[in-house]
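Keeping their order, the protein sequence lines are chains A and B.
Quick note: the first sequence, position 382, residue 382 per the working numbering, numbers continuous.
Quick note: the second sequence, position 27, residue 27 per the working numbering, numbers continuous.
Rather than coming from a laboratory, the hints here were simulated on the basis of the structure.
All values reported here derive from a predicted model rather than from experimental measurement.
Treat the hints with caution; some may be incorrect.
Claimed, not checked - Per label pair, the in silico range of CB-to-CB distance:
| # | chain 1 | residue 1 | chain 2 | residue 2 | range |
| --- | --- | --- | --- | --- | --- |
| 1 | A | 469 | B | 138 | 28 to 34 Å |
| 2 | B | 139 | A | 376 | 51 to 57 Å |
| 3 | A | 437 | B | 36 | 30 to 36 Å |
| 4 | A | 83 | B | 143 | 31 to 37 Å |
| 5 | A | 469 | B | 120 | 29 to 35 Å |
| 6 | A | 242 | B | 96 | 47 to 53 Å |
| 7 | A | 127 | B | 143 | 42 to 48 Å |
| 8 | B | 141 | A | 156 | 52 to 58 Å |
| 9 | A | 164 | B | 120 | 27 to 33 Å |
| 10 | A | 278 | B | 143 | 51 to 57 Å |
| 11 | B | 36 | A | 383 | 14 to 20 Å |
What the hints assert, rightly or not - A few chain A positions that, by computed beta-carbon distances, are all more than 12 Å from chain B:
| # | residue |
| --- | --- |
| 12 | 16 |
| 13 | 43 |
| 14 | 120 |
| 15 | 199 |
| 16 | 256 |
| 17 | 357 |
| 18 | 371 |
| 19 | 405 |
| 20 | 448 |
| 21 | 481 |
Glycine included, C-beta positions come from ideal geometry on N, C-alpha and C.
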Amino acid sequence: MTARSHPGAVSLRTDKPAPPFARILVANRGEIAVRIMRTCRDLGIQTVAVYSDADADALHVRMADVAVRLGPAPAGESYLLVDSIIAAALATGAEAIHPGYGFLSERSSFARAVIDAGIVFVGPTPEAIDGLGDKLIARRTVSALDVPVVPGTFEAAPVDRPDDVAVIVAAAEQIGFPLMVKAAAGGGGRGMRRVVSAGELPAALATASAEAYAAFGDGSVYLEREVQPARHIEVQLLGDHHGGVVALGERDCSIQRRHQKLVEESPAPGLTADERTALHAMAVRVARAAGLQSAATAEFLFDTARRFWFLEVNARLQVEHGVTELVTDLDIVAEQLWIAAGAPLSDRVHAAAESSLAPGRHAMEVRLYAEDPSRAFAPSPGRITSWAMPSSMGVRVDTGVRAGDRVPPDYDAMIAKIMTVGPDRQTAIARMRRALRETEITGIQTTLPFGRAVVDDAAFIEGTGLSTGWVLERWDGEASRTEVAHVAARIAAGVAAVGTVTGRTDDLVSVRKDTDRPGAGGAPADSAWRNSGRSAAVDRWPR
Amino acid sequence: MSSTTMHEGDASFVIEPGDVVSDPLHRDAVVGEVGAVDRHGRKMVEVVVQGWRFECTVEDAERAALQARASRPRTAGETRGGPLEIRAIIPGRIAAVSVVAGDSVLAGQAVLVVEAMKMQNELRAPRDGTISRVAVASGQTIEIGDLLVVLA
């Protein structure tokens, strides 16, 4: 149908702008690689995947236009190989590399190497990554901006100079106990130790420093007062290459365990308009001072006296960025790509930044991990046999996993992000409760029961329970699991006994069985379940 | 007649022919893998209830009762049973071992640390006892089912 053939007809087709790049390489795996590639498809950009042997059949590899093998499963032999990744980009003609999160995303040496190879790095400049990645430098920079930082030291602690121990203990007493020993090169909760008294301090400094050196190659540690109870509230930032910086809204990420985030939502419940405005302004001030380009997040603690304290900036796209996307209706990855290609912040971004001060929507995310929340969240790698994710009104799921996939033990245990959005918080919660009930996973234990408990909790629903200590205070995984053990037993007995129970099969039919789905049901005669102990467990996992 | 027992001894439940097996929580449950009957007359049924995954062992109730009688401790004072073999439940690498053969341990005491999926997982003694054998060393890679420690 053209305008010619029907007088008065209007063509609905608008001219699409040329994509920012013809082809990019995604230097990551799992859900974030899939998510980035989806935006690339939307924009007409070809994608290059990189993968380890553990991911040879992974969704992100199947989705890409070209895939390059990096090496065996361990990250150090694959996803962290700077030279191999750059070589892959050059060999496949990728014009840019998106690092995702984790892995090399905050390694300035990687950003530099990418740029030196003539490839665009979709992220902050190497200098900004350095300035923000070193938490001590960031603290000094930020406190000079009149932004409150968590009270503490601004220099690396003298860990191996015994004469200076008295000095550090005096500094610690000024700060007050309990306090946190933190790694300067760390972040995201890694390389930290809690100290309750001066006597513990020298040993804590030594071990934290050793751990930091082993994990980050830098043993510098510093002290921070413990701010507890507090809410963890962070601001999504976006900057272009022309000095434009905006805040796109804040997220409350207080539901955490061992500093690993489990539930996030936006906007942060209960903030006044003034508090929100002040928070966004502080975050933008920090971002400008750091010369931030691309996406980043400024993290703050919000204490019971309603004061904000700067924690750190994560100079990368974060796991929970989708929550902000749902509230603002922005595609942050797409905006990153436009920015990386040299465009100024788009009108969409500016509009989103303005409305973020009074957002008309509420979104949240529950992360699913391959961990057992009844055994202190011990990892539960294995093969996923069935995988049914929720959908429909206000539901978004980002995952890199499908039914039949193995969750390998070599990487982070997060397997899916279930997000909901609605006109207000109660709708977002109602949709999340419905979505989690629709979520069905068999084959491995996941943190789904924990996610359900959070969104069912009265204090969470009211918005009064939020604090970073919430998990410790309220969660009893073993009890929760034991409560339903008898139900599982009954159902299993019913399923196993079908055929021998007479006369009352109608109720047994109400138990959904996988026997009706292709490939499921009774295992073959040489099933692993015939064997006991070790061989049953081993067969179950590396199938 | 069938009875169901859990691997960890959490719950057992007997149903008989003609029983109505229904529960409001059935709608919040998914049946996963159903194994074949093994040589002991047992069948594994995977059931996920409210996100909690169980591997249920279903067996004939009479057989289960016989088994229970056979494994009951003989003497009144013998409540601990024989030596307890503690095996790995996740693959990984031994990061630290804090006991040697001969050590007395209390229930809950840390025995070793397994590093897996970028996290440290502490193994704790399930009951009081004496370590009769430490079968692994720091730095060693382990698979699921590998013997770690024997607790007497």
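Against the structure, the hints:
In this structure the hint that residue 469 of chain A and residue 138 of chain B lie 28 to 34 Å apart at CB holds, the actual value being about 33 Å. Between residue 139 of chain B and residue 376 of chain A the beta carbon distance is about 23 Å. The supplied range of 51 to 57 Å is therefore violated. A hinted range of 30 to 36 Å holds for the C-beta pair residue 437 of chain A and residue 36 of chain B, which are about 31 Å apart. The supplied range of 31 to 37 Å is met by residue 83 of chain A and residue 143 of chain B, whose beta-carbon atoms lie about 32 Å from each other.
The hinted window of 29 to 35 Å between residue 469 of chain A and residue 120 of chain B is violated, with their beta carbons roughly 21 Å apart. For residue 242 of chain A and residue 96 of chain B, the Cβ-Cβ distance of about 52 Å falls inside the hinted range of 47 to 53 Å, so the restraint holds. The hinted range of 42 to 48 Å is satisfied by residue 127 of chain A and residue 143 of chain B, whose Cβ atoms lie roughly 45 Å apart. Judged by the Cβ atoms, the range 52 to 58 Å given for residue 141 of chain B and residue 156 of chain A is violated: they are separated by roughly 35 Å.
Distance hint for residue 164 of chain A and residue 120 of chain B: a CB-CB separation of about 30 Å, consistent with the stated range 27 to 33 Å. Range check, residue 278 of chain A to residue 143 of chain B: Cβ separation about 54 Å, and the 51 to 57 Å hint holds. About 18 Å separates the C-beta atoms of residue 36 of chain B and residue 383 of chain A, a value consistent with the hinted range of 14 to 20 Å. At the 12 Å boundary, the C-beta of residue 16 of chain A stays outside the reach of chain B, the nearest C-beta of that chain being 41 Å off.
Here residue 43 of chain A stays apart from chain B, with its beta-carbon at least about 33 Å from theirs, past the 12 Å limit. The claim that residue 120 of chain A lies off the interface holds: its Cβ sits roughly 30 Å from the closest Cβ of chain B, which is beyond the 12 Å cut-off. The claim that residue 199 of chain A is not at the interface with chain B holds, since no C-beta of that chain comes within 12 Å of its own (minimum 21 Å). Against chain B, the non-interface label of residue 256 of chain A holds: every CB pair exceeds 12 Å, the least being about 14 Å.
Every CB of chain B is more than 12 Å from the CB of residue 357 of chain A (nearest about 37 Å), matching its label as outside the interface. Here residue 371 of chain A does not stay apart from chain B, with its beta-carbon only about 8 Å from theirs, under the 12 Å limit. For residue 405 of chain A, the requirement that its beta carbon stay farther than 12 Å from each beta carbon of chain B is met, with the minimum near 15 Å. A Cβ of chain B approaches the Cβ of residue 448 of chain A within 12 Å, the least distance being about 3 Å, so the stated non-interface status is violated.
For residue 481 of chain A, the requirement that its beta carbon stay farther than 12 Å from each beta carbon of chain B is not met, with the minimum near 5 Å.
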